[in-house]
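What follows is each chain in one-letter form.
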Amino acid sequence: MQRISVQSEDFDVGAEYRRLCSDAPGAGAVATFCGLVRDYHDAGSSDAVRELQLEHYPGMTERCIGECLRQAQQRWKLLAVRVIHRVGSLRPGEQIVFVGVASHHRADALQAASFIMDSLKSEAPLWKKQCSSSGEEWIDIRDSDREALSRWSAAAE
Amino acid sequence: MQRISVQSEDFDVGAEYRRLCSDAPGAGAVATFCGLVRDYHDAGSSDAVRELQLEHYPGMTERCIGECLRQAQQRWKLLAVRVIHRVGSLRPGEQIVFVGVASHHRADALQAASFIMDSLKSEAPLWKKQCSSSGEEWIDIRDSDREALSRWSAAAE
Amino acid sequence: MLQIHYFASVREALGRGEEQLELPAGVTTVAELVGHLREADAAFDRLHEGSRPVLVAVNQVVANRLGKIADGDEIAFFPPMSGG
Amino acid sequence: MLQIHYFASVREALGRGEEQLELPAGVTTVAELVGHLREADAAFDRLHEGSRPVLVAVNQVVANRLGKIADGDEIAFFPPMSGG
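Chains as they are written, first to last, in this note's numbering: chain Z, 11 to 167; chain G, 11 to 167; chain L, 9 to 92; chain A, 9 to 92.
Treat the hints as calculated values from the structure; they're not laboratory data. As the structure is a computational prediction, the values presented were derived from the model and not from experiment. Beta carbons are placed, not taken as given, at the ideal position from N, Cα and C, and that holds for glycine. Incorrect hints may have been included.
Said to hold, decoys possible - On the chain A side, residues computed to face chain G include the following (Cβ under 8 Å):
#, residue
1, Ile12
2, Ala48
3, Ala51
4, Phe52
5, Phe86
6, Ser90
7, Gly92
What the hints assert, rightly or not - Here chain G is said to cover these stretches of chain Z; the calculated rule only asks that three of the stretch's residues, wherever they fall, bring their Cβ under 8 Å from a Cβ of chain G:
#, segment
8, 24–34
9, 75–83
10, 122–129
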C-alpha cells in the first residue's frame with residue numbers, strides 16, 4: 011500500500027499517521043518525517059526568507075517518487091508508505107514534505123523514511139526558489155544532500 | 011526543550027507533533043516514531059498475543075530516558091525532543107512508545123529518533139510480559155536490539 | 009514533433025516554459041538535440057556555459073547525452089533538483 | 009537499612025516486589041550483597057542459576073559486581089530490559 015500526493019494544499023500529520031495505521035493493521039512501527047520551511051537557507055546568511063516557491067514537473071515528480079518507494083520496498087519490509095510533497099508558494103514555518111512508513115519492525119520504518127527523504131531530494135524534479143529582502147534565488151542542491159544519497163548506494167554494495 | 015512521560019494513558023501522535031513544532035519554532039525537520047503492540051512476538055510463533063503487560067521501575071525509567079536524551083543532544087543538534095512510554099496493560103494495535111525530535115536539518119532528527127529508540131529499548135528499566143492463549147511469558151531482549159545499540163557506539167569511535 | 013518543457017532557472021533564462029519543435033533532421037540523441045538548440049538559440053547556449061548543470065529528461069526519465077530521441081518524445085530541460 | 013526492589017521475572021520468582029534489609033555486616037559491594045542474599049534465600053539463589061541474567065541497580069543506576077553499597081541505598085534486582 012503506497013500513496014503519493016503532489017499538492018499545493020497543506021496536510022495534517024496526525025490524520026496521515028492515523029491513515030498509515032489503518033492501511034497497515036499489523037504494523038509494530040510507524041515512522042514519520044515532516045520537513046518545514048526554515049526562515050533561512052544557509053547558516054551564514056542573515057537574510058530572512060519571506061517566501062519559498064516550489065516548482066515541479068507534473069507527472070514526472072509522481073513517477074520519480076514512485077521509483078524511490080519501489081527501491082525502498084525492495085530494501086526493507088514495508089507495510090504502508092505515504093509521501094506528500096507540496097508545491098506552489100510557502101511561507102516560513104509551513105509544512106513542505108511528509109514521509110510516513112509503517113512496518114513490522116522499527117529499523118525498517120526509520121531507515122526507509124530516511125532513504126526516501128534522501129532520494130526524493132536528489133531525484134524528484136522539484137525546485138525551490140527563495141524570496142528574501144535581497145531578492146529571489148533558486149536554491150542549489152547541497153553537497154550534503156548528494157552525499158546523503160550516495161551513502162545508501164555504498165550501503166547496498 | 012525535552013519532555014519525558016511514563017504513563018498508562020494513551021497519547022495523540024498529531025497533538026505531540028504539533029507540540030514539537032511549537033516547542034521548536036525555527037525547526038526545519040520533525041521526525042516521529044511510534045511503536046505499536048503487535049499481535050505476535052516471534053515470526054515463528056502462531057500464538058496470538060491477547061495482552062501485553064508493561065512493568066517499569068518508577069523514577070529510574072525517567073532518569074534512564076533522560077540520560078538517553080542527554081547523549082542524543084550531545085551527538086546531534088536538536089531543538090526539541092519528546093518521549094512517551096506507556097506502562098500497564100496494553101492490547102494488540104495499541105500505541106506503546108513515542109519518540110519525536112525537532113531539529114534544523116533532517117539527518118539530525120531522523121538519526122536521533124533512531125538512536126533514542128535503540129537506547130531506551132536496551133537501557134530503560136521496562137519489561138514486557140506477553141499473555142497469549144498458551145500462557146504468560148516475559149519477553150527477553152532481542153539480539154537484534156543489542157546489536158542495534160552497539161552500532162551507535164561503533165559509529166562514535 | 010517534440011514537446012519540450014523548461015523548468016525553474018532554465019525556464020526563467022529562456023522566458024518560456026514549453027514549446028513544440030519539429031524533430032530536426034539528423035537528430036537522434038540528446039547530445040545532438042542539445043547541439044541543435046545551442047546553435048539555434050543564444051539564450052539556450054549561454055545556459056550551457058553557466059556553472060549550474062542542465063539536466064535532460066526524455067519521456068520523464070533523466071537521460072544522458074547518449075539517450076535516444078525520436079519523433080513524438082517529451083523532452084525537458086531543468087537544473088539539478090532541490091526539493092524535499 | 010537498604011530499600012530493595014524486585015521487578016518483572018525476578019519479582020515473580022521471589023513473590024515480593026520490595027523489602028527492607030538491615031545492611032549485613034561486612035557487605036560493601038554488590039557482589040557481597042548478592043552473596044549474602046543467595047545464602048539467605050533459596051529462591052534468590054536459584055535466580056542466579058537461571059539462563060536469564062539478573063541486573064542490579066544501586067540508587068537507580070545500573071551497577072556491576074564491584075559497585076559500592078552503603079547504608080540507606082536503594083537497591084533493585086531485575087532481568088534485562090525489554091521495553092520500547
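The hints, checked one at a time:
no.: 1; hint: Ile12; verdict: violated, 12 Å
no.: 2; hint: Ala48; verdict: violated, 23 Å
no.: 3; hint: Ala51; verdict: violated, 16 Å
no.: 4; hint: Phe52; verdict: violated, 17 Å
no.: 5; hint: Phe86; verdict: holds, 6 Å
no.: 6; hint: Ser90; verdict: holds, 5 Å
no.: 7; hint: Gly92; verdict: holds, 3 Å
no.: 8; hint: 24–34; verdict: holds (count 5)
no.: 9; hint: 75–83; verdict: violated (count 0)
no.: 10; hint: 122–129; verdict: holds (count 3)
Hints 1, 2, 3, 4, 9 from the earlier list are contradicted by this structure; the remaining hints agree with it.
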